[in-house]
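Protein chains in written order, with this note's numbering: chain A, 1 to 117; chain B, 1 to 117.
Some hints here could point you the wrong way.
[Said to hold, decoys possible] Covered stretches of chain B, as calculated for chain A (at least 3 residues, CB under 8 Å): (1) 24-30; (2) 75-87.
[As the list claims (entries may be wrong)] Derived DMTMM-like pairs (lysine to aspartate or glutamate); straight-line CA-CA distance at most 25 Å: (3) B:16 - A:62; (4) A:42 - B:44; (5) B:70 - B:15; (6) B:38 - A:71; (7) B:16 - A:44; (8) B:116 - B:15; (9) B:38 - A:1; (10) A:83 - A:3; (11) A:83 - B:59; (12) B:38 - B:10; (13) A:57 - A:44; (14) B:3 - B:59; (15) A:42 - A:71; (16) B:16 - A:3; (17) A:78 - B:18; (18) B:70 - B:44; (19) B:3 - A:3; (20) B:3 - A:71; (21) A:83 - B:44; (22) A:57 - B:86; (23) A:78 - A:1; (24) B:70 - A:71; (25) A:57 - B:18; (26) B:116 - B:44; (27) A:57 - B:29; (28) B:116 - B:55; (29) A:78 - B:44; (30) A:78 - B:59; (31) B:70 - B:59; (32) B:3 - A:62; (33) B:38 - A:44; (34) A:57 - B:22; (35) B:38 - A:62; (36) B:3 - A:1; (37) B:70 - A:85; (38) A:57 - A:71; (39) A:78 - B:86; (40) A:78 - A:59.
Because the hints were derived from the structure by calculation, they are not lab data. Every value quoted in this text rests on a predicted model; they were computed, and no experiment measured them. Note that CB positions come from ideal geometry on N, CA and C, so glycine has one too.
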Amino acid sequence: EPEVTQTPSHQVTQMGQEVILRCVPISNHLYFYWYRQILGQKVEFLVSFYNNEISEKSEIFDDQFSVERPDGSNFTLKIRSTKLEDSAMYFCASIANPGGRAYNEQFFGPGTRLTVL
Amino acid sequence: AQKVTQAQTEISVVEKEDVTLDCVYETRDTTYYLFWYKQPPSGELVFLIRRNSFDEQNEISGRYSWNFQKSTSSFNFTITASQVVDSAVYFCALSDFDNNAGNMLTFGGGTRLMVKP
């Protein structure tokens with residue numbers, strides 16, 4: 001069964017450093033998402049991406065964050081200068097068709113746990 | 001704005017008991033999707049069910065059942081004859097129906113279910 005993969009599973013970094021979290025969505029999917037879950041809290045939407053551009057973003061997704069689809073398979077989330085409060089689990093998700101009756105669920109990756117020291 | 005409320009932060013039951021997890025949502029959309037996800041201790045998000053707002057038929061899948069009441073904006077989840085393996089955090093989530101720009105999920109705060117042997 002196809003699945004979304006994420007690397008690394010755990011990333012430890014120093015405050016102020018840049019990190020790149022990587023995701024490989026399911027191959028025929030067109031819409032991609034990043035979500036964040038601070039430990040013990042709910043899952044929060046960060047950004048959605050379609051046709052090589054951001055389609056929607058939340059208040060959390062400020063100028064420190066960026067996303068990119070550098071090739072036909074990877075989807076990355078970059079945090080330019082990490083802060084302590086960026087420590088969280090980051091989930092990537094993809095979907096073939098999010099709209100209307102053809103909708104199927106977002107497939108989530110296993111997550112990357114980011115720890116900022 | 002969309003909102004999902006899971007009033008029960010933590011529930012503890014003894015194995016074989018039935019348990020119901022509550023979910024109440026708010027949305028201005030007339031059509032939308034509702035979801036339940038399971039997050040076991042390993043951290044991944046496991047899709048359980050998707051329900052369209054125009055389909056109020058309740059669903060049963062093995063020991064799991066879902067009660068969708070549009071009149072009260074609730075989408076409750078019942079586990080019959082609970083097992084220790086059901087111990088996890090359960091999230092209810094809401095998504096737009098026809099928003100081609102994003103269809104991001106809005107999650108509730110989650111309910112931690114502990115099933116004791």
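Structure-based check of all given hints:
1. 24-30: That given contact is violated, which follows from only 0 residues of the stretch 24-30 of chain B lying within Cβ reach (below 8 Å) of chain A.
2. 75-87: violated (count 0)
3. B:16 - A:62: With a Cα-Cα distance of about 47 Å, the restraint between residue 16 of chain B and residue 62 of chain A is violated, given a limit of 25 Å.
4. A:42 - B:44: holds (13 Å)
5. B:70 - B:15: violated (31 Å)
6. B:38 - A:71: violated (32 Å)
7. B:16 - A:44: violated (33 Å)
8. B:116 - B:15: Holds. Residue 116 of chain B to residue 15 of chain B sits at ~6 Å (cutoff 25 Å).
9. B:38 - A:1: holds (19 Å)
10. A:83 - A:3: violated (30 Å)
11. A:83 - B:59: Cα-Cα ~44 Å, so violated.
12. B:38 - B:10: holds (14 Å)
13. A:57 - A:44: holds (11 Å)
14. B:3 - B:59: Roughly 23 Å between the alpha carbons, so the hint for residue 3 of chain B and residue 59 of chain B holds.
15. A:42 - A:71: violated (31 Å)
16. B:16 - A:3: Since the Cα atoms of residue 16 of chain B and residue 3 of chain A sit roughly 33 Å apart, the hinted pair is violated (cutoff 25 Å).
17. A:78 - B:18: violated (44 Å)
18. B:70 - B:44: Violated, because 29 Å separates the two Cα atoms, which is more than 25 Å.
19. B:3 - A:3: With a Cα-Cα distance of about 28 Å, the restraint between residue 3 of chain B and residue 3 of chain A is violated, given a limit of 25 Å.
20. B:3 - A:71: violated (35 Å)
21. A:83 - B:44: holds (24 Å)
22. A:57 - B:86: Status violated; Cα separation ~33 Å.
23. A:78 - A:1: Violated. Residue 78 of chain A to residue 1 of chain A sits at ~28 Å, over the 25 Å cutoff.
24. B:70 - A:71: violated (43 Å)
25. A:57 - B:18: Not satisfied, since the Cα-Cα distance of roughly 39 Å exceeds 25 Å.
26. B:116 - B:44: Measuring from Cα to Cα gives roughly 22 Å; hence the hint holds.
27. A:57 - B:29: Holds - the C-alpha atoms of residue 29 of chain B and residue 57 of chain A are around 19 Å apart, at most 25 Å.
28. B:116 - B:55: Violated - the C-alpha atoms of residue 55 of chain B and residue 116 of chain B are around 35 Å apart, more than 25 Å.
29. A:78 - B:44: Given pair residue 78 of chain A, residue 44 of chain B holds - Cα atoms ~21 Å apart, limit 25 Å.
30. A:78 - B:59: violated (40 Å)
31. B:70 - B:59: holds (14 Å)
32. B:3 - A:62: holds (22 Å)
33. B:38 - A:44: Since the Cα atoms of residue 38 of chain B and residue 44 of chain A sit roughly 15 Å apart, the hinted pair holds (cutoff 25 Å).
34. A:57 - B:22: With a Cα-Cα distance of about 28 Å, the restraint between residue 57 of chain A and residue 22 of chain B is violated, given a limit of 25 Å.
35. B:38 - A:62: violated (29 Å)
36. B:3 - A:1: violated (32 Å)
37. B:70 - A:85: Violated, at roughly 37 Å.
38. A:57 - A:71: Roughly 22 Å separates the two Cα atoms, so the pair holds.
39. A:78 - B:86: With a Cα-Cα distance of about 35 Å, the restraint between residue 78 of chain A and residue 86 of chain B is violated, given a limit of 25 Å.
40. A:78 - A:59: holds (16 Å)
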